[in-house]
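**Student:** Read off the chains here:
4 protein chains.
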Amino acid sequence: MVGGGRGAFIGGVHRMAAALDSEIELVCGAFSSDPEKSRLSGEDLCVDPKRVYGSFKEMILKEKKLPENKRMDFVSIVTPNHMHYAPARMALENGFHVVCDKPLCFNMKEALHLQKLVEETGLLFALTHNYTGYPMVKQARAMVKNGDIGQIRKVVVEYPQGWLTTKVEDTGSKQAGWRTDPSKSGIAGAMGDIGTHAENLAEYISGLKIKELCADISTFVPGRLLDDDGNVLLRFDNGAKGILHASQISAGEENNLNIRIYGTKAGLQWFQMEPNSLIVKWLDKPMEILRTGVGKLYPEATAHTRIPGGHPEGYLEAFANIYRNVAICIRARLGGTEAPAVYHDFPTVSDGVRGMKFIEKVIASGKSKAKWVEV
Amino acid sequence: MVGGGRGAFIGGVHRMAAALDSEIELVCGAFSSDPEKSRLSGEDLCVDPKRVYGSFKEMILKEKKLPENKRMDFVSIVTPNHMHYAPARMALENGFHVVCDKPLCFNMKEALHLQKLVEETGLLFALTHNYTGYPMVKQARAMVKNGDIGQIRKVVVEYPQGWLTTKVEDTGSKQAGWRTDPSKSGIAGAMGDIGTHAENLAEYISGLKIKELCADISTFVPGRLLDDDGNVLLRFDNGAKGILHASQISAGEENNLNIRIYGTKAGLQWFQMEPNSLIVKWLDKPMEILRTGVGKLYPEATAHTRIPGGHPEGYLEAFANIYRNVAICIRARLGGTEAPAVYHDFPTVSDGVRGMKFIEKVIASGKSKAKWVEV
Amino acid sequence: MVGGGRGAFIGGVHRMAAALDSEIELVCGAFSSDPEKSRLSGEDLCVDPKRVYGSFKEMILKEKKLPENKRMDFVSIVTPNHMHYAPARMALENGFHVVCDKPLCFNMKEALHLQKLVEETGLLFALTHNYTGYPMVKQARAMVKNGDIGQIRKVVVEYPQGWLTTKVEDTGSKQAGWRTDPSKSGIAGAMGDIGTHAENLAEYISGLKIKELCADISTFVPGRLLDDDGNVLLRFDNGAKGILHASQISAGEENNLNIRIYGTKAGLQWFQMEPNSLIVKWLDKPMEILRTGVGKLYPEATAHTRIPGGHPEGYLEAFANIYRNVAICIRARLGGTEAPAVYHDFPTVSDGVRGMKFIEKVIASGKSKAKWVEV
Amino acid sequence: MVGGGRGAFIGGVHRMAAALDSEIELVCGAFSSDPEKSRLSGEDLCVDPKRVYGSFKEMILKEKKLPENKRMDFVSIVTPNHMHYAPARMALENGFHVVCDKPLCFNMKEALHLQKLVEETGLLFALTHNYTGYPMVKQARAMVKNGDIGQIRKVVVEYPQGWLTTKVEDTGSKQAGWRTDPSKSGIAGAMGDIGTHAENLAEYISGLKIKELCADISTFVPGRLLDDDGNVLLRFDNGAKGILHASQISAGEENNLNIRIYGTKAGLQWFQMEPNSLIVKWLDKPMEILRTGVGKLYPEATAHTRIPGGHPEGYLEAFANIYRNVAICIRARLGGTEAPAVYHDFPTVSDGVRGMKFIEKVIASGKSKAKWVEV
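Chains as they are written, first to last, in our numbering: chain A, 1 to 375; chain B, 1 to 375; chain C, 1 to 375; chain D, 1 to 375.
The hints are simulated quantities; they were obtained by calculation from the structure and are not laboratory data. Watch out, some of these pointers could steer you wrong.
It does not matter which identical chain is meant; a pair holds if it fits inside one copy or across any two.
Unchecked claim - The list that follows gives simulated cross-link-like pairs (lysine to aspartate or glutamate, EDC-like), each with its CA atoms no further than 16 Å apart:
id, residue 1, residue 2
1, K369, E212
2, K265, D34
3, K109, D34
4, K167, E93
5, K37, E274
6, K369, D237
7, K296, D284
8, K167, D284
9, K109, E338
10, K37, E360
11, K57, E93
12, K145, E300
13, K371, E212
14, K65, E120
15, K357, E119
16, K211, E23
17, K50, E63
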């Protein structure tokens, strides 16, 4: 693991997600750019002190020298955006599979280079757009793919949060600090942090690509350096229209990612905060609520469900589905085969490139007087 | 009443709304442009046959000749859009107050003329943007006005319906027929029929005015003559940003008008299909659900509530609030006074002009390559 | 109308319900046992002063003397429980149909006498168990009757309110006063006031009869004279089991009547505070939500719906369904025929007798050491 | 681990719950009473084959012989009810802490003996009444304890499931098989399997004890050997009244455990299927919805929350809270201290004895003609 030391948020999430299914063991780490902090964090986590490293470079080089069956099987990168590229690149160049937090990296150039490296090496690269790990998101995608809702006409995807309604970055919050700092986060604030989740979710479920967009990007909190709100009109490659909005100043909102997709036969609705329900509004029969683990669902949903219906599965289980799938794919590779297709269902470097392009274009559109910007 | 004969929809709604509080009696009507149909409809409605007229012109002229205390007190216009202007104008010109269905009329020219007539005559003119009649909408408006949610930064207003997902206008549906016919509906379909409700609701609660908009207007159903979907970015006069979308091809949606308003202190959420709840998401304390008739609400809400909390009030009660307020205002005028301010709370010709301008600009923006169109 | 003068609650509800469909006109009344108050109330209501009476006796006698086409068509009784019997009896004995608020009367003896009178006279007698007037309640009943949910095994009906959590009757509340006064309310408080609604709803939807019950009846508020909470085990005539609980000390509850019925094929759930949804939990397919006015419902539901789906209908509309049906039945009789069966769907004196028996038995069980009391 | 081999359900849940926080490692097991199946299951789980045992006896004896820092730290028992007592007893007698699935054991005699052993040995004994592990359940308990809702008057606890609506035990379902088999499950079916969860939840949150109960216990599915539904009136030691019902024939219900507690100041409502919300219905201010991880909650809630508000935590996280607390307590003991009180918050052998008594009394009441049975 690279990053995720004391005081970090997403590192702990990655560790719980990786541990849940007992498929993955945390064997080494460079938990902080500060070697002493890395050491202490390793201690907290009961990692063998010999494998707690002072930098990701040291980690990758030393692990590589270990015998194949003793070294780490993949690298997990959980640092802020500006520190994704270097460790990811080095891991790939040294033959390690990678799991990387989103967004992929700092800018398009880095993104395209990582994509190239993945293509060249054939290594696995998972990007933790974790919301696609929910069983009912997979059910929605399968329903669309199987034509259950007809041809898609409209997509509405929202990601309102309220935690940056005030200038939290001035209060010492580590999370708020780097996310609103252009030198760490990149050109986008909210649009990069959560807008990309919304974009990824919309394209994942719909199977469509955003072709053009028209954005109104705002910074509401005085003195903030990056956007904290964005409203975007979308046009998809099949002619469907859409709306995407993401915000971190929607006072009182927790983490209210949600999506509605309307086809010619039905509308689908999914809310991340009630993730075990998928609402299907049929044109010609009563509204249905499909539920995780209940009744006959598509295999894509069932394969990502752990417990019977009515026992709620949450964010960590969805996140863990990425890690479990990666673990299964790596194990298959170690055994000289490929895992079944259902386990190759996790976001990859391509989703990451797509996300970086979205960031680039949405920020450009925000500044543009032209109505439409091509993606 | 003008219009609302056999086979009409909104006429019946107006009659129930007017009857609910026993303040208003249906005394005469020109229920159809077909005199025989008007006669039969009058019979259905137990209106004195002598006061069932073959045309609105006849009605207005003959009623005017009746002694003051025998003639109708106001005219209710419930015809399709293209037949609002003429009876409204004639009623005003002959000294009758008017209640008119929305949108106000067919185009801006008519709208401005009606506004001028209202100003000149001093008569009451109510426009049935009935959704502002709900008690919790009034509570929301009062909360905004009293600064409870701080300064408004973002408004999201939605009006998805699904009933025009297929080409219903070809199946003989009277409702679908005129709404998709430019000669009756005007330049807009969904944006006029329901988009104006969304626009009106957003401005009513927020107290803000839309300053600029950027619209993507679509007709999804092949062969349809007017728009059936629109996605719009909004900019308000105080600097707030917003999204408005209205659709009649959102498969499976009933009549899902809803609004979210985010201020610096809290977010408000109201859903027309659960109209007795107002969700308040505070920045710094637990989310609250305010309920019609429960606890201490603003007088504006209480004055429009009929029964104790937990006994759901619906669409007709909200609609009836307009009629009741108009009746109280007229009665006060008949008595030579003005009703208290709380009863003057109904949409007027100015809201109608505003709505017509919205229609004009949103359709223009849909055709424009420029990003922003001023309203 | 008998009762419903200034300061009353349910009288106004009856008037709005009666007015909504323009089928019924308030022509006369004895609005209070105090003649002066009756007179003033009549003035408020714009009733012809000659037909505002000082007592129900005077009203019935004088109206009877009017020519048939000038006299009132039926009597509406909206007084507290102890004043139902006398006017109801006198109305029936003088040939007037009756609409009476619930519970039917003060005790079983009165109830049986009224039942006998109705049988003898053949007059219409409607009891305003208004919750059965909701379209989705009628849909639920029709689904049960048509075998859609299989054989019923379990019924859970709840009616929690919180408004009597403190000793409100000591604060001058007229509503709380008579409801907690044994000389006006009868032997039961909460169980009579709202327990009977729960009992009526359960038997109406299920089509079953309660055969035995076992009750734990409580008075929680010190000094209160009647029960304010009751928990009851039920056994139905088909072998189904059930639970009924009603409470007026469930702090924070508004008017949360709800019912769940489980059969061998599906479970039905309806909540009065969201009356336009009927949740159907199927054993072998996804949960459905049926909605007032949406899609294909049973004719019993459709016949009691006024407006299209998504336009919420509420408590007054449900209440009005009783009045409208009664009006249609009376008009048919006046024309020498009987109205179609779908309009004879309103609670009658038999439901009232059933409710009085429930009150008698549930209070007896509360005092009994034996487990089961036969109904 | 004892039990939890191939084909089992709850064993996997225990393993995920134990793994989530990387505090616990599965080091040995007797996964089945069939040694070969145990061996294969151990293989599946990557447990060192030398520590995969053919029986719990072998496991306990051999592990005890290992050096202290090599042997297992505690035993986890995940077998059907009739196989809890023997391994639990032997573990305690040999100095091992125990985590045991619920209900505690097969009958009261076993229960009391286990309780005695725990008292004598001072070992830790956790019972996985996992629903008390949810943060908002802990919040509810703390609110009650701190007097926030006043004095409790009424408790309604429900646990409807529908999965045994048909005779599933005849279809080869292992889960249904032992649960409906008196030789494995004990004297109770649904009341033992899920009724005890309801009982435990009610006493845990309320801090009250059930003093008397009156039960109607049913077996609806023909040929089934144990109860599949039960309705129970409750009386608590402080004078509060209550209702408990549990069912496995409530068609269409998933796992709908829920509780409502009404005090003199407010009502609390929690639904297991939406576990991150705690609804507080105040007597004198608007209803609030408290949310996991959002705002200022009691430390008992916060200490059992892993991720920020809006990222749903589910069943496995609640279950894991028991394991994590046990791990922290054991580690403290290994270090010669006691963990802080907040981590001693898990169900113990006393809860288990209480549950066994509930089973005994509720079944006795079901057969009794007397109204009340003392607990």
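**Student:** If a hint holds in the structure, say so; if it doesn't, say that too.
**Tutor:** Each hint tested on the structure:
Taking the shortest alpha-carbon separations for K369 and E212, both the intra-copy value of 14 Å and the inter-copy value of 13 Å come in at or below 16 Å. Taking identical chains as interchangeable, the C-alpha atoms of K265 and D34 are never at most 16 Å apart, the minima being 56 Å within one chain and 38 Å between chains. Taking the closest pair of Cα atoms, K109 and D34 never come within 16 Å of each other, the shortest separation being 27 Å inside a single copy and 59 Å across copies. In the homo-oligomer, the alpha carbons of K167 and E93 never lie at most 16 Å apart, since the shortest distance is 40 Å inside one protomer and 57 Å across protomers.
Taking the closest pair of Cα atoms, K37 and E274 never come within 16 Å of each other, the shortest separation being 37 Å inside a single copy and 38 Å across copies. In this assembly of identical chains, K369 and D237 lie within 16 Å of each other by CA distance neither inside one copy nor across copies; the values are 23 Å within and 19 Å between. For the homomeric pair K296 and D284, the shortest alpha-carbon distance between copies (9 Å) is at most 16 Å, but the shortest distance inside one copy (21 Å) is not. With identical chains, the CA atoms of K167 and D284 are at most 16 Å apart between copies only, with a shortest distance of 14 Å across copies and 48 Å within one.
In this assembly of identical chains, the alpha carbons of K109 and E338 never lie at most 16 Å apart, being 30 Å within a copy and 54 Å across copies at closest. Taking the closest pair of Cα atoms, K37 and E360 never come within 16 Å of each other, the shortest separation being 34 Å inside a single copy and 56 Å across copies. With identical chains, the CA atoms of K57 and E93 are at most 16 Å apart within one copy only, with a shortest distance of 12 Å there and 52 Å across copies. With identical chains, the CA atoms of K145 and E300 are at most 16 Å apart within one copy only, with a shortest distance of 11 Å there and 39 Å across copies.
Both within a single protomer and between protomers do K371 and E212 lie at most 16 Å apart by alpha-carbon distance, with minima of 10 Å and 13 Å respectively. For a Cα distance limit of 16 Å, the shortest separation of K65 from E120 qualifies neither inside one copy, at 22 Å, nor across copies, at 53 Å. In this assembly of identical chains, the alpha carbons of K357 and E119 never lie at most 16 Å apart, being 18 Å within a copy and 54 Å across copies at closest. In this homomeric assembly, K211 and E23 never come within 16 Å of each other (Cα to Cα): the closest approach is 39 Å inside a single copy and 47 Å across copies.
For the identical chains of this complex, K50 and E63 are intra-copy neighbours only, at 11 Å inside a copy versus 29 Å across copies, given an alpha-carbon limit of 16 Å.
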